[in-house]
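A.B. asks: Got two chains here, each in a separate frame; can you build the complex from them with the hints?
So the chains spell out like this:
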Amino acid sequence: SQQGEEDPQALSIQEGENATMNCSYKTSINNLQWYRQNSGRGLVHLILIRSNEREKHSGRLRVTLDTSKKSSSLLITASRAADTASYFCATGSTSTGNQFYFGTGTSLTVIP
Amino acid sequence: DAGVIQSPRHEVTEMGQEVTLRCKPISGHDYLFWYRQTMMRGLELLIYFNNNVPIDDSGMPEDRFSAKMPNASFSTLKIQPSEPRDSAVYFCASGRDRDYGYTFGSGTRLTVV
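As they're listed, the protein sequences go chains A and X.
Going by our numbering, the first sequence opens with residue 14, and the numbers climb by one from there.
Going by our numbering, the second sequence opens with residue 48, and the numbers climb by one from there.
So here's chain X without its partners, still in its complex pose (with noise of 0.2 angstroms):
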């Protein structure tokens, strides 16, 4: 099992432009959530799908953020347009249920100049 797989694991972009993370998840899990990670702000929750439908996007910082699910083996996380202060480390993340634990991607790291 090759775990999460996100990408790219770095991207820098001007301030403005579309910016899509990408993740695959493990195979047969069921659960997909996108958490973003910042000095200030720690492990944040943006979003999160239960069979590829998301569930709570409660956390998701403005309409400039969207996130897709459209198989059980790919999500996207999109930003459009993107600002500086969206500069951070995205991570994808997935599970079976809430008694076992999540695995991690490896992150994308972002930096919006």
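One chain only, chain A, in its complex shape (with noise of 0.2 angstroms):
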């Protein structure tokens, strides 16, 4: 499958502290986008890390890239009640053209 996988499926933390969450994917890719979704609403592109990148930084967030690993991970610091969403990676590579192949997603619940 080309599709990238998040870990963990869930995640509850408490306002004020960061969360984490990976991505784990199989084939090459050229870049790697994050996502969020909140209920009943559609996707929100967050970053677009590119597969010669190993970090990027916007905001709160904080993604990181390991091809070697075919991983990625999402940092939020500081979280917020209103970052509580469900979050989901993306793949993208040449042999799929424009294409992108979406994870199940990390359901996050930040508790206030």
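Don't read these hints as lab results, they were simulated from the structure.
These numbers come from a predicted model, not from an experiment.
Just to be clear, a hint being listed does not mean it is correct.
Said to hold, decoys possible - Looking from chain A toward chain X, a few residues come up when the C-beta cut is under 8 angstroms (computed): (1) 46; (2) 58; (3) 112.
Unchecked claim - The list that follows gives simulated cross-link-like pairs (lysine to any residue, SDA-like), each with its CA atoms no further than 25 angstroms apart: (4) A:69 x X:147; (5) A:69 x A:97; (6) A:39 x X:108.
Each residue gets a CB set at the ideal place from its N, CA and C atoms; glycine is no exception.
C.D. replies: As structure tokens, then:
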């Protein structure tokens, strides 16, 4: 399968704590994206990291990519109740053109 | 920019009826994607277009599904006849190319009874 797989499936933390989600994939990729989905809503693009990049930051988000292990992590620092959502990684490769394959997601609950 | 606009937001129909889902992508985006999301199967790519041309429809589950993009600002996904197992949330997304993220619509929640 070309899909990424997120780990853990569900995560519950207290507001202010950091949240770390992981994504593993099987094929070579050109880039990897992280998306957030609030309940009943569409997906929102958070960050894209290219295969030649190892780390990327955007506000409270930090994404790492280890192509040798075929894995990525998303760190949300100083979490807020509004961060409660499902988070998905999506992988893209030359072989799949402009298609991205999504994993099953991590459901994050931030308790106020 | 109003983002990707999908209609209707909710659709309830009886088995055997034809269902048409609509999508207006963001102006200037050359790629349009249709995804389906269910609890069991997660997000599945059904079909995607580049410059209004269908590029890969291998994700379309059956001949009952068809998609068109008559122009750069409009696409439809049609299910005929619909079945209960088609019940899902259908998302449309558009993008410029693979080095940028995609923008998703709010989805159409389809229920076939």
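A.B. asks: A separate judgement is required for each hint: does it hold in the structure or not?
C.D. replies: Results of checking the hints against the structure:
The criterion of a C-beta within 8 angstroms of any C-beta in chain X is met by residue 46 (chain A), whose closest approach is roughly 6 angstroms, and the hint holds. Annotation: interface hint on residue 58 (chain A) holds; nearest CB of chain X at approximately 3 angstroms, less than 8 angstroms. For residue 112 (chain A), the shortest C-beta to C-beta distance to chain X is roughly 6 angstroms, which falls under 8 angstroms, so the interface hint holds. Distance check on the hinted pair: residue 69 (chain A) and residue 147 (chain X) sit about 14 angstroms apart at the alpha-carbon level, within 25 angstroms; holds.
Annotation: proposed proximity of residue 69 (chain A) to residue 97 (chain A) holds, straight-line Cα distance about 22 angstroms (limit 25 angstroms). With a C-alpha separation of about 24 angstroms, the suggested pair residue 39 (chain A) and residue 108 (chain X) falls inside the 25 angstroms cut-off, and the hint holds.
Of the numbered hints stated above, none is contradicted by the structure.
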